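**Q** Next come the chains, spelled out residue by residue.
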Amino acid sequence: MDTFQRFYTTGFPSPGESWRERALRLDDLLIVHPASTYFVRVRDRSMQGAGIFPGDLVIVDRALEATHGSIVLATVRGTWTMKRVLFDKEKIWLQSEHSRYPTFEVRPSMQFQIFGVVLCVIHGVSPSLTLEDLIERYAKQPHS
Amino acid sequence: MKHHIFALVDANHFYVSCERIFAASLEGKPTIVVGNNDGCVVAVSPEAAHIGIQKGMPVFECQHLITEHTIAVFSSNYALYQDMSDRMMAVLSTFSSHMEVYSIDEAWLDLTHIPPETFTEYGRLMRARVLQWTGIPVSVGIAASKVLCKLACAIVKRHPEHQGVLNLLALSEHQLTDLLSALPVEEVWGIGKRSALRLSQYGILTANALRDADHIHMRHAFGLLAQRAVLELQGICCLPLVEQPKARKGLLVALSFSRCIEQRCELEEAIATYTVRVAEKLRSQRSLAAHLSIFIQTSPFETTTRPYANGAGAWLPFATAFTPDFLDTSLSLLHRIYRESYRYRRAGVYLTQIRPQHVIQPDLFGMYSTETEARQRRLMEAVDGINWRWGRDTLRFGAQGIRQQDWFMHQRRRSPRYTTRWNEILTIS
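As you go down the protein sequences, you meet chains A and B in turn. All letters in the first sequence, in the order written, are residues 1 to 144 by our numbering. All letters in the second sequence, in the order written, are residues 1 to 429 by our numbering.
So that you can see chain B by itself, here it is in the shape it has in the complex (with noise of 0.2 Å):
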């Protein structure tokens, strides 16, 4: 395997970072963000997790705390987090070729052509430069392999005194020992919380430990992950860096419900809605889709009823943006994973093999027809048109449902879309 160094940046507590970058008051302040719906925490400022909310924490749970100390709290705003995180992806593309986005708040670089002693000063830069461009704090991990960079990043969040950037082979042998001593097993990227218990009934307790494992046997005892995991605690990389393409693949609207939903029929109008958002969003950027699928599932936060997940997808016959289409698309698909009896939480449309829109691949069956196909078009721009003028769903499809639909989300303290919406930008008055 050849030798590559990788740098992990990862952004420390994203989500309420992003909202602190425009409400400077809240810096120190205790501050969360609650998901979809508003019902459970997703993020957490130190200042909170020190007062004992935690991630995954539903509300309810933590309203005491949340009063008792006046904690700020936020509906989760990602129109804004997924421009920030744009924009820190952007500036950190600008320090290597080669470069993975992991998550949202995470991001994957290859250093291997930077000289070595730079690369501290390298790791301290891109941190300087991330918080200076966006006002995200990111925490900056660097080591031969992503699992021990993980490790890094980890360390540095937990101890202010390597002032945000580690460089793990900066360490001498001894120094990398008494760090990996000090971490349990169970922290290692690919040992999950079973592995670390039936590891620990070998006497390995510590990353460390793992470390000088025998792979091999590792292999045998435990599965090729444990052992990718002892190969790259000894600094031998195994996975490496996955450069996505920059086309955008899929359109994907996909919602959490406000209240569980048992109805045939309001699934389907959830599943209709999002649809006709999916194909607004995919006739805004002018193209079209070939293939269409959806999901549905029960809540996984939910331990009393019987858990549910399923999707499907199907072909176009041949590439449209013409939203009926896809409405009887989306809900054939509906009825062939709809079980009753399910209280579902969430559901999703997702929109794949996307084409430019001046692109015509007329169908092997001859059913597509240029007539048809501009007659549609004009009838979907008229829909368009109203809806833009006179705000979303002045015309809506009949399979949207007519009904009050207090099934969709609440995002009762969402903080504004500051970098993505004109008339919520920030306000000097």
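Isolated chain A, as found in the complex (with noise of 0.2 Å):
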């Protein structure tokens, strides 16, 4: 966004330019650290008690550190899976929020890595303009 001085066609500046503050941007509110950040689609129903649905976008940042009850996306053997991290003295739980999902625990054997912790998730309600319909806006053209 450029900030230029805005001189109307009077010819006098602006009374509010040297107020003109920057408009509010979802980016800096949300994107804590860019270098980390990345944008997951979840279609899984497991974590639906904690506000995430299938066809939502969730914010992962990596730079955040997986905290007991933080929800976390993270690997089991190689397939991914989105799920909340419970540490009890020695030992790492993975819990849904889905009475279909039981909370287990994780063994050395299943090679547990965590990819990084979701700060929040975006869930659209528009059944005109939804989550999808923006997606695919940008189906076409890269974002530049």
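Just so you know, these hints were derived from the structure itself, not from any lab. Keep in mind the model is a prediction, meaning the values are calculated, not measured. A virtual CB, placed ideally from N, CA and C, is assigned to each residue, including glycine.
Which stretches of chain A does chain B cover? Using the computed rule of at least three CB atoms under 8 Å from a CB of chain B, they are:
(1) 32-39
(2) 42-54
(3) 74-81
One-sided and incomplete, this derived list gives chain B residues near chain A with beta-carbon spacing under 7 Å:
(4) 24
(5) 25
(6) 90
(7) 91
(8) 133
(9) 422
(10) 423
(11) 425
(12) 426
(13) 427
(14) 428
Assemble the dimeric complex from its two separately framed chains, guided by the hints.
**A** Laid out in structure tokens, this is it:
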């Protein structure tokens, strides 16, 4: 966004010029560490109880420390999963937020690797302009 | 010369590492990345190297190894690699106020202002943070000169006991001598195969031997580069950090063709297509360009036909973003450098002298007209709008050609562009 002095066609500068603030941008609020922030699409139901629904977009930050109770994006034997991680003394547990998915303990053989911590979820609510529609807008052109 | 301490941070098998970030199941499995047109190997994982695949090998030559050992193959995904590189460099930039981004996967940092006793720890910290924030494993070499840093990194990559970081300044003279004596002189940055051969005739076979050489003598016998290599090996910095400005200096679209092009008309189509692309990029960043250059070249890997590479550039009468103006220029430049009966394999169009759109600089000859400019801008906006809505190349310029462009590069097994395309981001099911 250019910040250039605006002279109205009256020839006088705007009275608000020295008070001008940058318009709000979602990036500034939600992307804390740009270099370690990644966007992921969720298609499974296992974290519905936490408010992450199929079709939602989540913001994952690798720079954040995975503490007890944080939701993480991880791989288990090379397969992606998103679960709440629980630390209990020496043990690590992965908990879902859906009745059909049990909590399970992470064992060394599972090759458990955390990718990053889920910061927040973006959930579309408009039936006429869904998150899917918004993503499709960029399907044919790169964002520049 | 002022005393400087450098760290070289060099990503390990960078392209492969980028692929592994989003495909965790590949960790430890032999993986390769094949270059434009899936023709030759551009990156090799340690496991694949162990099997015998080397960078630069044509794919058909190692196809049997690929099948036999089920090696994972990816087409190069430069959109992803470039973004991951930008992230890696962003992370590193927090560690020093003076940094030189050397290539897509290497950067130099100036550590002169950090307490010497903390160098190694600093290196470990940099390595850990890059790994945590991007998933890319790197090697760090710390020394008083760039040549020594390069050697340190090479050693780190081959010897896992260093755990990714080697600080040459922490070694005793004896230890350093041992290390450098184990490296053939050819591996010293700045010494090529030919120089190494001649040096061996002087009895200089190792990096250590070169370090002990008389640098003045080296200058007379081998030239400036060799003299610099000797001094740098001694820890005397001759190659300072070159910090680049952050501003985007030029826009380039350069791609290899999937097959050789000999016909002038086909080369014209290629140049025209690349010109249209680069102009699209220019307009998308709200810029104008005042200079255009092109290059064409035969395949660097083909030894059967004559090599030819040439380029030409021209100033535009005034900074513009109007594709037809660019097309006129690039095609006339092509006519200047095109030679018959060469088998061309690669071409590129490069725009420089980039200016922001709202800064108008009327030209000396008064050819610029605000009316024309406004009309042209509306036309391009219309074209871009339609192509944006309906897909790239819905509207094409005649010069791009109407027939099937079968020379356009192949990318058969490219992974998704996880970090630059909304519709290709990682999806969990």
